[in-house]
Amino acid sequence: MSKPLTLESAAWAVAALVLLLLLPMIFSATTVDWANEVIYWAILCLGVNLVLGYMGYVSLGHAMFIGTGAYFLALFVDFAEVPLGWSIPLVVVGTALLGLVVGAIVMRVNRIQFLVITLAIAELIHGVFHQIRATGGDDGHSANDTWRVDLTWFGGWDTSESTGFYYWNLLCLLAVMLVLWRFLRSPFGSVLVGIRENEQRMTSLGYNIAIYKIIAFAVSGAAAGVAGILYAQNLQSVNPEPLTWQVSGEALLMVIIGGRKYFIGPVLGAAFYIVVKHLLESITSEYIIFLGLAFMAIVAFFGRGIAGYFVDLYVWAKRRAGVGRPGAPAAEAGE
Amino acid sequence: MEALLTNLLHALQLSMLYFLLAVGLTLIFGLMDTLNLAHGGFYTIGAYVGWRITTWGGALLAMFFAEPGLNDFEFNRVALQYSTEFFWAALIIAPVFVGGAGYLFQRYVLHPLSERGRETHLDFALLTFGLLFVIMGSMELVFGTTPLSIGMPALLTGSIDLFGLNYPVYRLFIILMGIAIAILLYFVLDRTVWGAIVRAGVDNRDMVLGMGINITKVFAIVFAVGTGMAALAGVIYAPGASITATMGARILVVTFVIVVVGGLGNLTGSFYASLIVGFVDSLAQAYKPTVEIFGTEIQIDLELYGIYILLAVVLMIKPTGIFGSKGAT
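Quick mapping for you: the protein sequence lines, in order, are chains A and B.
The opening residue of the first sequence carries number 1398 in my numbering; numbering runs sequentially from there.
The opening residue of the second sequence carries number 5 in my numbering; numbering runs sequentially from there.
The reader is advised that the hints may include incorrect statements.
Pairwise CB distance ranges, derived in the manner of DEER restraints [said to hold, decoys possible]:
1. 120(B) x 1418(A): 40 to 46 Å
2. 1715(A) x 119(B): 19 to 25 Å
3. 1418(A) x 119(B): 25 to 31 Å
Some, not all, of what chain B presents toward chain A, calculated at C-beta under 8 Å [said to hold, decoys possible]:
4. 92
5. 95
6. 127
7. 131
8. 134
If you are wondering where the hints come from, they were derived from the structure by calculation, not from laboratory data.
Since we're looking at a predicted model, the values are computed, not measured.
Virtual Cβ for every residue (Gly too), placed ideally from N, Cα, C.
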């Protein structure tokens, strides 16, 4: 497993947090909108990477979790009329249950089949929500009232406008990261890495790997479900769009570009992807060509992604300063 | 009765279209262990290249044979009339072009990477997945977002009498094409030395290498044949539908369902699975019965997910697919 939390990495984390807290004050309102977009993608990617980076299975079906997460919120709040405060945990439980069911179906297959089958099941669920008339079918459904949490009792925290909503998003991101970090650093996380490296050995050691895979898939789905909640709250509506395979695909691109071997990789990847996408959009609407090529280059030549570059840079800087031990291995999550 | 027969023939036609894609994907996976996620992209390129050939051909002919003094609008109309017959040229040129691209991609991108030790299947699946996005974006950049179409050549328009049924010639053509390709492939793979090399490569790659056969070349040729067949499917499909950059996406998912149901890397399996999936998909679109549950009438509309239910059921019963995957015992 990774190195213990040192004073230094804690200092880096605090610095990053301060920067994120100050973001709306430093940058323009557009940047805050981008940041809101980045955060739900980042949470989705963290979920994807739990399965991809730690367990070693490529899922092309995580759109089903962000999509159903968004739809569950709509169904609970607007149709079942559950209070918003109860709906949110219910959505997380709902997507986790979906993950358990789907995980039980797919846990027996090999890695290539896994990719195909998660894609097929996501398409199946896309088809279902496409047809349900109650939620507007293809057109989607807009929030009756608001789906954003009312936090005005907390020092007038107004989530209805962009900056206030940004802090709510940030809170959710940190919560998800904290939970996943704890989850992956537990013995359970070590077993997942063991499954990635050698499934037969893990079975021989007496682990019931099917159970581990199913639970990991459910946790990953629940994380993506949180992304769905934020997606719905951001748009104040739901539609079948986040259920399409392109969403799973783009999440995969983000995770690989960011660096699947690092815990922070998916977050960096999502931020890079969304920022580049918006910057390129002013030049060409076919930004996907550039991002697709970047993705291919990273898969082919530099599997560690942006996070890997950061680590290299950090090691290089330390060596130059004469602090680091020469040849000290870069710390990689889950290794 | 007539409606049933028509639906069955439609299902057969859809199956044959799927087969052209599935067999290429299966060949490539069977030999190289590469799940080519860009397969739908090659299909899309095939359709666009076909469109380009017909429009250029039509314009060229119009330049020589149209009456002089036509205005732009009339000239374009004449060019469009001429263009339909270039479908036949497209049917040959597009697969060759795309197959060539596939050859180069395998020979100079995928193979050198596998030589450098990036030999996990998943890395290649990811790489081709990136290529799929690049292809979709490039097609939109080059050909625009407006859907395009290829005109039906004269020979394929109209319908003929078939078992006392008026059936479109075009659809019959697809069925015959599919069957012809299946027979041709069977013949080549089962009766020729080339086929023997490919079959040996599927079973034991190292042994083939040990026999002094240039496996790199075999890989690249098989990749070319596979992607070429995807392009052929793209051209064949084009007169009946519209060409868009995302046309490869849905059909790619269906193709995946076929290769998993038939067993990954299993060629005969992919043929039967194409039939099964094609029929399920086609009949789910044709029949939408209504049933009464608790006094309310509910229409069972499986159009969008009939094949996925099939896939889930197959996997729960037999995870290696109905006909068994390569390497599975």
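Could you check the hint for me, namely that residue 1715(A) and residue 119(B) are 19 to 25 Å apart, CB to CB? violated (34 Å)
Using 8 Å as the Cβ threshold, decide whether residue 127(B) counts as touching chain A. Since chain A brings a Cβ to about 6 Å from residue 127(B), closer than 8 Å, the hint holds.
Checking hints one by one. Is residue 95(B) an interface residue toward chain A, by the C-beta closer than 8 Å rule? Result: violated, 28 Å to nearest chain A Cβ.
Interface hint outcome for residue 131(B) [beta carbon to chain A under 8 Å]: Constraint on residue 131(B) satisfied, holds at 5 Å.
Is the interface hint for residue 134(B) satisfied, with its Cβ closer than 8 Å to some Cβ of chain A? holds (4 Å)
Can you tell me whether the CB distance of residue 1418(A) to residue 119(B) sits inside 25 to 31 Å? violated (49 Å)
Supplied contact hint for residue 92(B), tested at 8 Å Cβ to chain A: Since the shortest Cβ distance to chain A is 32 Å, the answer is violated.
The hint says 40 to 46 Å between residue 120(B) and residue 1418(A); measuring C-beta to C-beta, is that right? Given about 44 Å between the Cβ atoms, the range holds.
Hint violations for this structure: numbers 2, 3, 4 and 5, all remaining hints satisfied.
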